[in-house]
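Participant: Here the protein sequences line up with chains A and B, keeping their order.
Residue 219 in my numbering sits at position 219 of the first sequence, with consecutive numbering throughout.
Residue 290 in my numbering sits at position 290 of the second sequence, with consecutive numbering throughout.
Rather than coming from a laboratory, the hints here were simulated on the basis of the structure.
Given the structure is predicted, the values throughout are model-derived calculations rather than measurements.
Mixed in with the good hints there might be a few duds.
[Stated by the list, open to error] If we take Cβ atoms under 7 Å as the criterion, some of the chain B residues that face chain A in the derived model are: (1) T72; (2) A102; (3) G105; (4) Q109; (5) D113; (6) E118; (7) D125; (8) I126; (9) V129; (10) P130; (11) L172.
Ideal Cβ placement from N, Cα and C applies to all residues, glycine included.
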Amino acid sequence: MNALRITWRVTRLNFRAQLEYRAEFLLNVAIGAIWQVSVIVFATVLLARFTGMGGWDSSEVLLIPATRMLAHGLFVLLLGRVHFIGRQIQEGRIDIYLMRPMPVHRQVQLSYFPTNALGDLTVAAGLMVGALSRSELDWSAGRISYLVAAVVGGMLLEAALFTALACASLRFPAADYWSRWLEELLGTFGSYPLNVLPRAVGGFLTYALPLAFVAYLPAAVLTGHGHDTGVPYWLAASAPLVGVLAYLGSRLLWRWSLRHYTGVNG
Amino acid sequence: MSGSIEVHGLSRVFHTTVRRPGVAGALRSLVNPERVAKHAVSDITFDVAPGELLALLGPNGAGKSTTIKVLTGILTPTSGEVRVAGVVPYQERERNARNIGAVFGQRTQLWWDLPARESFAILRDIYEVPKAEHAARLKEFDELLDLSSFWDTRVRHLSLGQRVRSDLAAALLHDPQVVFLDEPTIGMDVVVKEQVREFLRHQVEQRGRTVLLTTHDMTEVERLAERVVLINHGRLVLDGSLDEIRRRFGSTWQVRATLADAHTDAVALPGIALLRRDGPQVVFGPDGPEAPTVNSALKAIIERYEVTGVAIDEADLEDVMRNAYAQAGAAA
Numbered sequence: 001m002n003a004l005r006i007t008w009r010v011t012r013l014n015f016r017a018q019l020e021y022r023a024e025f026l027l028n029v030a031i032g033a034i035w036q037v038s039v040i041v042f043a044t045v046l047l048a049r050f051t052g053m054g055g056w057d058s059s060e061v062l063l064i065p066a067t068r069m070l071a072h073g074l075f076v077l078l079l080g081r082v083h084f085i086g087r088q089i090q091e092g093r094i095d096i097y098l099m100r101p102m103p104v105h106r107q108v109q110l111s112y113f114p115t116n117a118l119g120d121l122t123v124a125a126g127l128m129v130g131a132l133s134r135s136e137l138d139w140s141a142g143r144i145s146y147l148v149a150a151v152v153g154g155m156l157l158e159a160a161l162f163t164a165l166a167c168a169s170l171r172f173p174a175a176d177y178w179s180r181w182l183e184e185l186l187g188t189f190g191s192y193p194l195n196v197l198p199r200a201v202g203g204f205l206t207y208a209l210p211l212a213f214v215a216y217l218p219a220a221v222l223t224g225h226g227h228d229t230g231v232p233y234w235l236a237a238s239a240p241l242v243g244v245l246a247y248l249g250s251r252l253l254w255r256w257s258l259r260h261y262t263g264v265n266g
Numbered sequence: 001m002s003g004s005i006e007v008h009g010l011s012r013v014f015h016t017t018v019r020r021p022g023v024a025g026a027l028r029s030l031v032n033p034e035r036v037a038k039h040a041v042s043d044i045t046f047d048v049a050p051g052e053l054l055a056l057l058g059p060n061g062a063g064k065s066t067t068i069k070v071l072t073g074i075l076t077p078t079s080g081e082v083r084v085a086g087v088v089p090y091q092e093r094e095r096n097a098r099n100i101g102a103v104f105g106q107r108t109q110l111w112w113d114l115p116a117r118e119s120f121a122i123l124r125d126i127y128e129v130p131k132a133e134h135a136a137r138l139k140e141f142d143e144l145l146d147l148s149s150f151w152d153t154r155v156r157h158l159s160l161g162q163r164v165r166s167d168l169a170a171a172l173l174h175d176p177q178v179v180f181l182d183e184p185t186i187g188m189d190v191v192v193k194e195q196v197r198e199f200l201r202h203q204v205e206q207r208g209r210t211v212l213l214t215t216h217d218m219t220e221v222e223r224l225a226e227r228v229v230l231i232n233h234g235r236l237v238l239d240g241s242l243d244e245i246r247r248r249f250g251s252t253w254q255v256r257a258t259l260a261d262a263h264t265d266a267v268a269l270p271g272i273a274l275l276r277r278d279g280p281q282v283v284f285g286p287d288g289p290e291a292p293t294v295n296s297a298l299k300a301i302i303e304r305y306e307v308t309g310v311a312i313d314e315a316d317l318e319d320v321m322r323n324a325y326a327q328a329g330a331a332a
C-alpha cells in the first residue's frame, strides 16, 4: 500500500514538475507523436493505395501497428525508464537507488515523468480507433478481452527486451546504444505482417528477437490468420502469455545483474 | 552492535582489460583482450565505535570510495566481512539502507526537477517516518542548515552549498545510526563549509551518530575527527589518532629557543635533536620515530634550559598527510 502511495505521489510530483516548463512539456508531447510519423505514413499509404498485404486486407493489417503502438505507448508511460539507463548509471544514480529501502527497478521508473508517452499514446489511441472502426470483425467480449491482453502482453514483451538491454548496460554502459537499434527494429518491422518477409528474417523476428509476439501474432489470431503464420497456433495464441513470461524472466535477470553491479568510477 | 561499523579482511577486486598502446595495440586488445585483476581494496580491517567520527583518508584511487560502496551495500566484496549496525550490507540491502544515511559531495539523491522540500516528503514516505517526527527533525535541520531559505527552489537551480545542505538533511531525516560522507564539502565556500562542519559535529556529539568521513580537506579532519584510518593502494597504512599520525609522519617541526645564557652547553634530549646553534639561538627538531610531539618537545626544552624566548615552526596537517602519502606510496 505504501509502495502504491509513493509511486502515485512521485509520479504526480514529477508530472507537475514537467508541467511547469510549459514549452518543454509541449515539445516533449509533440516529439512523442512526431516520432511515430513513419507509422502514420504507413497507415495512410496502406489505406489509400493498397487493398491488403501478405493475404491480409488493409483493415486487418491496420490492427498490427495499432496494437504495437498502444503497447509501445503504455511501455513508455509505465515501464520505459529502463530505456537509455546508461545515463543514470554514469551519473551514479543507481548507486543512490541501492542505498534506499526501495526496489531499484521501481526507483528507476520513478526517476522522471515520460511526457513523450502522452504523444505516443495519443497517436496510438487514434490509430486503434481507426483500426477498430474499419474492422469487419465481430468484436465480442472474448475478442476484446484478447485484444486487451495482447496490448498488455506486447507492452510487457517490449519492457522485457529493454530490461534485458538495461541489464547489459549495468555491466557495460555502452550496451545502451543497442536500445536505439532495438527501438528502430521494433518501429520498422513491428507494423506489418511478417509473412511478407523472407522466411529467415521472419524466423529471426519470431524466435531470436520475438517482436512478432508484440502485435503480429496476436493480430493474426484475432483476424483469423493464426494458422498461416508459420508458428504453431497455440504459440501464436499464447502471445500475451509470452509477454508476461518474458517480462518475469527479464526481472529475474535484472535482480541477478544488480547483485553483480560494479558501479562506475571504482 | 548498534551503530557500529566492523570491517574485517575486506578485499574487492575488479577485473579490467588492459589497453595496449597505439592503434595496432587497440586492435590486438579487441581480438585478444588481456584481463587483469585490480585490487581496489586489499585485506582492510578496522572498526568504528557507535557515536564515533572516523576520517577515512588516502590519496585519489586509494580505495576509499570502494570501501564506502561496500559499506553502503552498493558493492559486494570479493572477500572479507563487513557489518554496519549489525547488518551485512550486501546481503540485506534494504535493511541496511534504513540504518544508514549517505552524502556524496559530487552527487545528489534529491529529485532534480522538484523543490528540495518535496524530495524530503518523498523520502519521509519511503523510510516510513511518522509525520510529526519528520516535521520536528526538519525544523531542527532548518535551524542548523538554514534550509527554509531555499527549500522551495527546484534542486536544479540550487547552488552547490545549498544542494549539499539539502542532501545532508535528506540523508539524516530518517534518523540513521550510521552516516557515510564522501567529500561532503568539496567545492564549498568557507562559510558554508563551517556551517556543515558544525552540523556534523552536532550530529555526532548531540545525536550520537556514527560517522565515516572521507575528505581531502585537512582542516575538516582537524576540526571533526579524533581518529583517522589511512589507506593507500587499497591497503591500510595507519589506524590511529591525529597525534599518532603527526608523530609518525609529521617530522617537520622545529623549536627555536633563545637561551638566557649564551654560553650554556646545549645538547640533544631524548627524541629531540639539536639541529644548529648560533650564539644564544638554538634550533631543535624531532629525532627518529619515537620523537615527541611539538608540545611535549617544547615542555622538555623549557624544563631543561632557561630560555628567554621560543618560536615554533610546525608542519600543518596538510604537510603531514603529504608526507604520509609519500611514505605509504614508497612502501607499497
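Participant: Against this structure, judge whether each hint is valid.
Facilitator: Each hint, compared with the structure:
{"no.": "1", "hint": "T72", "verdict": "holds (5 Å)"}
{"no.": "2", "hint": "A102", "verdict": "holds (5 Å)"}
{"no.": "3", "hint": "G105", "verdict": "violated (12 Å)"}
{"no.": "4", "hint": "Q109", "verdict": "holds (5 Å)"}
{"no.": "5", "hint": "D113", "verdict": "holds (4 Å)"}
{"no.": "6", "hint": "E118", "verdict": "holds (5 Å)"}
{"no.": "7", "hint": "D125", "verdict": "holds (5 Å)"}
{"no.": "8", "hint": "I126", "verdict": "holds (5 Å)"}
{"no.": "9", "hint": "V129", "verdict": "violated (11 Å)"}
{"no.": "10", "hint": "P130", "verdict": "violated (13 Å)"}
{"no.": "11", "hint": "L172", "verdict": "violated (13 Å)"}
Violated hints, listed in ascending order, are 3, 9, 10 and 11; each of the other numbered hints is respected by the structure.
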